[in-house]
Amino acid sequence: MTSSDILSFINVRKSFGANEVLRGVSLELQRHNVVCLIGSSGSGKSTLLRCANMLETIDGGDITLFGQSLTDPRVDPDLVRRQIGTVFQSFNLFPHLTVLDNLTVGPHYAQRRPLEVVRSEAIELLVRIGLESRAHDFPDRLSGGQQQRVAIARALAMQPALLLLDEVTSALDPSLVGEVLDLLSELADAGTTMLIATHEMGFARDVADRVAFLDQGVLVESGTPSEIFDNPQHPATQLFLQRVR
Amino acid sequence: MTTTHDEHSSGVAPPNLLAPGYRRFFTGRGAVIASSLSSVAVVVALVSLFYITPGSSEVRFFFFHLADMGRAFVGDPAKGLSSVGLAFLTNIWMCLLCEIIVLVLGLTFAWVRVSRSAVLLPVRVLVTVYTDLFRGIPIILVIYIVGFGLPALNIGFLSHQSPAVYGCISLIVTYTAYVAEVYRAGLTSVPNGQILAARSLGLTQQATMQRIILPQAVRTVVPPLLNDFISLQKDTALVSTLGAIEATHAAQIYASTEFNFSGYTIAALLFLILTVPLTRFTDQLMSRDRNKRLAQQS
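Chains X and Z supply the protein sequences, listed in that same order. Using my numbering, read the first sequence as starting at 1 and increasing by one per residue. Using my numbering, read the second sequence as starting at 1 and increasing by one per residue.
Honestly, I wouldn't trust all of these hints.
To be verified - Mimicking SDA-like on lysine to any residue, the simulated pairs with C-alpha atoms at most 25 Å apart in a straight line are:
1. K292/Z x T64/X
2. K292/Z x D62/X
3. K292/Z x D101/X
4. K292/Z x P73/X
5. K292/Z x L181/X
6. K292/Z x E167/X
7. K292/Z x L142/X
8. K292/Z x P277/Z
9. K292/Z x Q242/X
10. K292/Z x D59/X
11. K292/Z x A171/X
Unchecked claim - Cβ-to-Cβ under 10 Å is the rule here; a few derived chain X residues that face chain Z:
12. V80
13. R81
14. M158
15. V177
16. G178
Read the hints as simulated data drawn from the structure, not as lab findings. All C-beta atoms in this analysis are idealised placements derived from N, C-alpha and C, irrespective of residue type, glycine included.
For reference, chain Z alone in the conformation it holds in the complex (with noise of 0.2 Å):
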């Protein structure tokens, strides 16, 4: 008589752990299998769905033309168009721009508000204005005010600028706006226990702020930091609005003449270079985050 080692020492028959044959295929090496199986089966059915569409054809030559493209990235000045690729680079030194301003500023902002001085009620109050402010209105209108509006007022220097520096004005005032919110979240998430141990050491208001609270807030605000820094690469596109020599405004440009959209897409093309690496690096610094934290709970 043949007897299982369990039936033998328990006498009952132990429960089947093993998942029934077709589901074991979703397990293991079979889940790569299934799951880049599906990947393709997607990606097949969404380009075919985009191909039987009846305006296929056209948007195909319209957007995705490969010589339109290639020659919006290259630009022709005999025609007078603008290079899409050289003009790209108006928007990263904008965006590289603002965002070293950006930083600085929205750091002494959120600083100024948490800070429980009562030297500086006036200008926390004022701060409180300005980012409320500049939080509510869309940075289309402020490109608008700023762009057209500064020139206007005739104020010298102020008003003989170039669309660009009005544009990275509009980008800096609101985005400043955005960063010191984030600054200050940060700021306020420090523990306040943190704060009453180093006040027990004697550490000044100001050293508390430098040695403990700051370095703690910045950690924690990083990958908030670099999704707005992310949205402020895309924005840069914003200040073509004013004539701006940038990517976006030279497949304005492009489209125009030799009607054809494709200079678009490799404009979105380039953008996307820039801000995928950084989505990606910024999801990867979120989950490290959390799983230091449920480490830390454990």
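The shape of chain X in the complex, shown without the other chains (with noise of 0.2 Å):
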């Protein structure tokens, strides 16, 4: 661990039952960095991004951020939450609220912040993600790659030190996922602090600063993008590329 990290995952052990989901995950995540995460479905992806905003309490090892353990009892989840912007698969808009007030919603009553100040940094927002126009239309009136870009600005709004993005492209229709994936690799360009859980390899490819590869549980092996898909070490890595490709 280096002061530079924001987010350190320390031996992180996560069981639901019998099942055991993470064995022994550690990861570090940087400023500036974009960290993806690959690997099939059910290998602990989801788990590991929602133990780390604490939606799920780790059975062992530790979760750092900024240096402080989550594990510490003192820490109160709604601000480790408000450092930490994230997004889901199914976007979770929420539907009786206006594009804008999405955006609101968090800075305001979370952060308490004054609404006029909220208000403009969210129609900034909306300018940058291109949809300004829409900023008073209800999310059911669009598309699903409009409502997931929509669902980014909203965790941008909390003005986060870093973004957890969970397979935010696997609900899309193939056609929707393109913008999506634009607008986060303009994030990583903007220097953006992000880690991707992701089934896009060629899009992990060009954004990840670092690839980390999970299996049932095990960080089986994480390098520079062109270490993970040029040149897999591990037999686990190589067959779910094969497969993948």
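The two chains are supplied separately, each in an independent frame; assemble them into the complex guided by the hints.
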């Protein structure tokens, strides 16, 4: 662990009943870094992300955010989550709020920042994702790709230290995947710190600083995209990459 | 030689898609005529069936006598007859007052039941027992128990109220249990992803409830809540058993003095004037809701 680590997983273990989902996973995320988690469904990618923002409690090991242990009982999960933006596979936009209100509900009611400020910030974000014309529409009027872009903007509106993205293109029509991945690439270029669970190998190769391969709850191998994709060392990684190609 | 266009191009006769003549009557404009005719026929049949029953003329005299309906509606203070019309105002204020209190209490109870707060555990148990109890007891028994029990307890202020107040207490106690369950169903119907998203933004449990879950839940429970409101309006009639002068009781007085039941008919009509528009409105809301859901799925 180095001082520039934002988020560190240290030998993290997590079980659901008898099912051991994470078997001692260690991983570091540094500022302005993009790490892509790859691996088949059920390999533990999503669970690892959910442990990071304390939606799940871990059974063993430790997770640190800015060097502070999240297993410390004095840690307030709400404060941890305000540092971490989360984007879900199924968008989970709030259907009763307009696009703009989806973006302001966190900054206003969680961070308690004044509404005028968070509104103008939200509109700037909508301009950035090219959806400022839809600010006053409800989410069900938007396409899946647009909804997911709004969900990313909603996470960014909290000005988080890092983003967790959980297979954010898996629920999308193939024709809508591109616009979401393009937005993520822009964010990566702008230096956003991201931990991305993904099945899009081409995207991971382009955007990741490091790629980590999870297999049955074990972090089998991690390295630069070219190390993982061009010269995988572990047989499990080789097998997985053969299958997805 | 004359050939149709289709025969000419494909060599095979096209299938006939037109309904045969007699069935064409039931499609398009014919359907409107058909449904009007059948409605008239059914009404005529029912009315004539009523007229040919052996006791028809007695029933018409005792239940549908226009002059008696009018007298019962206006009342006659000289003969000690209360006006059914005026008494119906009691039903209206009872149901409005009860509904307001029920909506607030019901939501509070539902909130307590779905909250996971450890501090609230004893309250949660109490509320659960309460809803089980009052959803299971017929309202008429609650009215008797409250209406005769509270005065007998002799606890000052609480034991010296009018029958209408005891009636209201009974209705509130019963309907709060129903409405709390409706609210609870609404609160638990909000998808888990909504809660995950809200908590991930760092919203506290209470802010999540207030800003995310409750607004979505209320939308889904408006139709069932309106249904309960309609039932509540009708159940104000049960308060007559305690002797409160509301429409049913006024009609009862009229029936026992004048030996004519037309007062009941006018009371029934008054209830209908109130409930039918609300029922229609509720149905409309529900179908709009369903259409919206279907549109979202496609």
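How the hints compare with the structure:
1. K292/Z x T64/X: It is violated: about 45 Å lies between the C-alpha atoms, which goes past 25 Å.
2. K292/Z x D62/X: violated, 46 Å
3. K292/Z x D101/X: OK: K292/Z and D101/X at ~21 Å, within 25 Å.
4. K292/Z x P73/X: violated, 45 Å
5. K292/Z x L181/X: violated, 31 Å
6. K292/Z x E167/X: Between K292/Z and E167/X the Cα gap is close to 28 Å, so the pair fails against 25 Å, i.e. violated.
7. K292/Z x L142/X: Holds, at about 15 Å.
8. K292/Z x P277/Z: holds, 22 Å
9. K292/Z x Q242/X: violated, 44 Å
10. K292/Z x D59/X: Cα-Cα ~43 Å, so violated.
11. K292/Z x A171/X: Holds, because 22 Å separates the two Cα atoms, which is no more than 25 Å.
12. V80: At 8 Å from the nearest chain Z Cβ, V80/X passes the 10 Å test, so the hint holds.
13. R81: holds, 4 Å
14. M158: holds, 6 Å
15. V177: violated, 20 Å
16. G178: Since the shortest Cβ distance to chain Z is 24 Å, the answer is violated.
Consistency with the previously given hints fails for numbers 1, 2, 4, 5, 6, 9, 10, 15, 16, ordered from lowest to highest.
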